[in-house]
Amino acid sequence: MIQVQNLTKDFSLNKKQRRELGEEYKDSKTLRAVDDISFECRPGKIFGLLGPNGAGKTTTLRMIATMLIPTSGSICVSGSDSVSDGQKVREKIGFMTGQTALYDRLTPTEMVKYIADLHGMDKTTFQKRKNKLFDVLDMHSFADRRIARLSTGMKQKTSIARTIIHDPPVMVFDEPTSGLDVMTSRAIMDLIRSCREEGKTVIFSTHRMGEVNQVCDDIAIIYKGRFFYNDTLDQFKEEMTQPTFEDEFIYRVGEA
Amino acid sequence: MKFLTIAKKEVIDISRDRRTMIMMVVVPLLLIPVLLGTVLKITKSMAEKASEKQLKVQIYGQEYAPDLYQAFADMEKVIILDQIPTDSIQSYIQQEFLDVAIHVDSDYKVNIAKNGQAKIRIQFKGTDSFGITKDRINGVLKKFENQIISERMDRLNLKPEVVRAYNINYEDVASRQEKFGKIAGGWFPYVFIIFGFMGAMYPALDLGAGEKERGTLETILSSPASRLDIVLGKFLVVLLAAFLTAFLALGGMAVGIQYIPDIPPEVLIVINGVLNLKTIGLIMTLVLPVAAFFSAMLLGLSIYARSFKEAQSIVAPLNIVIIFPAVIGTLPGMELNAITALIPVLNVSLASKDIIAGVINPVYMAEVYASLFGFAGLAIFWCVKMFNREKTIFRS
Chain A
37 MIQVQNLTKD FSLNKKQRRE LGEEYKDSKT LRAVDDISFE CRPGKIFGLL GPNGAGKTTT
97 LRMIATMLIP TSGSICVSGS DSVSDGQKVR EKIGFMTGQT ALYDRLTPTE MVKYIADLHG
157 MDKTTFQKRK NKLFDVLDMH SFADRRIARL STGMKQKTSI ARTIIHDPPV MVFDEPTSGL
217 DVMTSRAIMD LIRSCREEGK TVIFSTHRMG EVNQVCDDIA IIYKGRFFYN DTLDQFKEEM
277 TQPTFEDEFI YRVGEA
Chain B
24 MKFLTIAKKE VIDISRDRRT MIMMVVVPLL LIPVLLGTVL KITKSMAEKA SEKQLKVQIY
84 GQEYAPDLYQ AFADMEKVII LDQIPTDSIQ SYIQQEFLDV AIHVDSDYKV NIAKNGQAKI
144 RIQFKGTDSF GITKDRINGV LKKFENQIIS ERMDRLNLKP EVVRAYNINY EDVASRQEKF
204 GKIAGGWFPY VFIIFGFMGA MYPALDLGAG EKERGTLETI LSSPASRLDI VLGKFLVVLL
264 AAFLTAFLAL GGMAVGIQYI PDIPPEVLIV INGVLNLKTI GLIMTLVLPV AAFFSAMLLG
324 LSIYARSFKE AQSIVAPLNI VIIFPAVIGT LPGMELNAIT ALIPVLNVSL ASKDIIAGVI
384 NPVYMAEVYA SLFGFAGLAI FWCVKMFNRE KTIFRS
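Taken in order, these protein sequences are the chains called A and B. In my numbering, each number is its position in the first sequence, counted from 1, plus 36. In my numbering, each number is its position in the second sequence, counted from 1, plus 23.
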């Protein structure tokens with residue numbers, strides 16, 4: 037479960053950044069990346085965070101993962117507060133982005149073991165979990181090859197394995213399919229679905245409406261740091277005035 | 024204890040990085056002995072070549088000093104020429120068709136006979152290797168002059184003391200180790216400092232900016248490891264690399280020196296005396312905090328950079344900042360005192376010089392440690408701060 041209450045994040049701006057951002061920020065010392073948002077992600081459900089580039093999706097997810105500290109508001113992940121109990125929060129989440137984010141000079145086994153060690157997993161649990169994951173993802177044939185020599189598909193499988201090795205109850209996916217081909221994107225979407233089946237809480241950011249339609253239960257649309265839609269996907273479909281999801285999304289962003 | 028997990032992983036990671044391993048192991052262990060040996064070998068062979076060279080000499084006015092002419096003709100490896108006209112001497116010497124032109128005055132005999140001074144003018148090209156041509160000619164002239172003086176003394180019935188009023192006897196109380204330490208000792212720490220810095224550079228860039236560039240920073244930031252664990256784990260590995268590189272550079276030098284041809288045995292005894300466990304151990308205690316200072320500083324800068332390339336361009340000018348005090352430390356007049364003992368890098372250079380010479384002042388040494396540990400602590404504190412700054416970590 038993720039509970040977000042009145043979450044706000046300001047970034048300070050230097051002179052150069054103020055100049056680059058134009059007239060609107062000429063006299064502003066800060067940029068509000070996330071502006072007073074509240075939402076809840078439930079276990080066994082997939083929460084889709086939708087928005088164009090620069091809308092505040094990554095900032096929100098980084099705050100959930102304790103990488104950034106909120107300016108105000110609170111985030112509670114499975115009963116732990118993200119600011120006062122950051123380590124507990126990190127123990128409960130699996131974080132995945134579009135980049136494979138792997139160490140080229142390690143092997144998949146070493147990579148997965150490293151993350152397991154950081155999570156304090158004991159040897160037997162690790163071995164069992166690793167074998168299970170490597171079976172499911174069919175990784176045994178390249179388990180001891182250096183990551184630099186693996187294909188993109190193999191790398192993505194390794195990335196999946198390292199994200200879920202500690203069997204986290206909460207999964208955070210930040211545009212996990214961006215820049216990936218159809219086959220690898222599908223593997224990620226399958227992973228997201230299987231997380232729901234296992235009863236995990238899933239938050240998933242994207243700007244691809246097709247993906248939202250495929251997997252999401254709840255959605256929120258974020259633009260310039262603010263939510264202007266936050267309900268179930270079914271409700272969104274009912275309220276649609278445009279022929280396609282994409283048209284509706286562009287229409288709503290335009291309205292905002 | 025998560026920092027140990029991070030350190031363990033980073034050790035595996037950098038030990039598989041060819042660039043780091045070349046810089047850390049191959050360069051100090053192989054390059055130093057090879058370079059040292061090659062430079063000395065070339066120097067020696069050039070000096071040998073210059074002394075082996077057949078000197079082409081022409082003596083103008085040989086008829087005024089036939090005995091002097093004979094002395095030159097009897098020299099080894101000399102060809103006496105007699106065809107070069109006076110007005111072409113300069114161009115012949117310039118083009119190295121002639122090495123030396125000796126001009127004897129027409130009143131040579133008269134001046135010598137009346138116990139006066141005979142004028143001898145010598146033209147040569149002073150750019151030849153090691154001034155050996157001048158030395159060889161001077162050797163013959165000195166020998167001949169001493170012979171004339173001694174004949175004059177006999178003739179005048181004088182003792183040598185008449186022209187040599189002092190019997191000077193210099194007694195140097197400095198031990199060989201002390202002299203070696205003061206003259207050459209500065210170069211030892213110069214090598215550790217430079218190699219310590221270079222050894223820290225690649226791992227620091229890889230573990231900071233490299234991690235950002237690969238996108239793995241988020242992976243580790245979202246793990247249960249705290250920022251302090253991450254910095255500490257990475258810092259320890261960079262420090263290990265810096266320290267090992269400095270240590271191997273010392274090893275490379277120790278090995279290299281053994282293979283340098285023709286070191287006088289007494290000098291070798293001094294060098295081997297210097298390279299004993301106690302001295303090396305003491306110097307390494309200085310290298311450790313200075314390596315910690317470099318490691319924390321480089322890691323902090325590296326995490327600030329957006330990419331490996333940007334990190335390289337930030338760090339490259341630091342090479343000069345490090346080399347400058349290290350070189351100043353090698354200058355003969357620079358001594359360790361209450362002020363220089365506080366300046367990082369320079370103090371390591373100067374203290375090592377005194378340690379090698381065996382004359383280290385314990386008060387200054389304590390000051391050096393205090394300064395180095397203080398700066399290392401500050402650098403580590405700054406590095407942790409950099410890792411905790413959102414603006415630095417996610418700078419794009």
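Keep in mind that the hints are not guaranteed to be accurate.
Said to hold, decoys possible - Take a look, some chain B residues computed to stay more than 12 Å from chain A by CB distance:
hint: 1; residue: I35
hint: 2; residue: I103
hint: 3; residue: E241
Claimed, not checked - Straight-line distance between alpha carbons at most 16 Å, and here's what the computed EDC-like set of lysine to aspartate or glutamate pairs gives:
hint: 4; chain 1: A; residue 1: K81; chain 2: A; residue 2: E291
hint: 5; chain 1: B; residue 1: K414; chain 2: A; residue 2: E146
hint: 6; chain 1: B; residue 1: K31; chain 2: A; residue 2: E146
hint: 7; chain 1: B; residue 1: K79; chain 2: B; residue 2: D97
hint: 8; chain 1: B; residue 1: K25; chain 2: A; residue 2: E127
hint: 9; chain 1: B; residue 1: K25; chain 2: A; residue 2: D226
hint: 10; chain 1: B; residue 1: K142; chain 2: B; residue 2: E119
hint: 11; chain 1: B; residue 1: K76; chain 2: B; residue 2: D40
hint: 12; chain 1: B; residue 1: K31; chain 2: A; residue 2: D226
As the list claims (entries may be wrong) - Only part of the chain A face toward chain B is listed, based on derived beta-carbon distances under 7 Å:
hint: 13; residue: M103
hint: 14; residue: L104
hint: 15; residue: I111
hint: 16; residue: C112
hint: 17; residue: R126
hint: 18; residue: E127
hint: 19; residue: A137
hint: 20; residue: R141
hint: 21; residue: T143
hint: 22; residue: D153
hint: 23; residue: A184
Simulated from the structure, these hints should not be mistaken for laboratory data. C-beta atoms are modelled at their ideal positions from N, C-alpha and C, and glycine is treated no differently.
Quiz item: Which numbered hints are broken by the structure, listed smallest first?
Solution: 1, 3, 4, 5, 9, 10, 11, 12, 15, 16, 21 and 23
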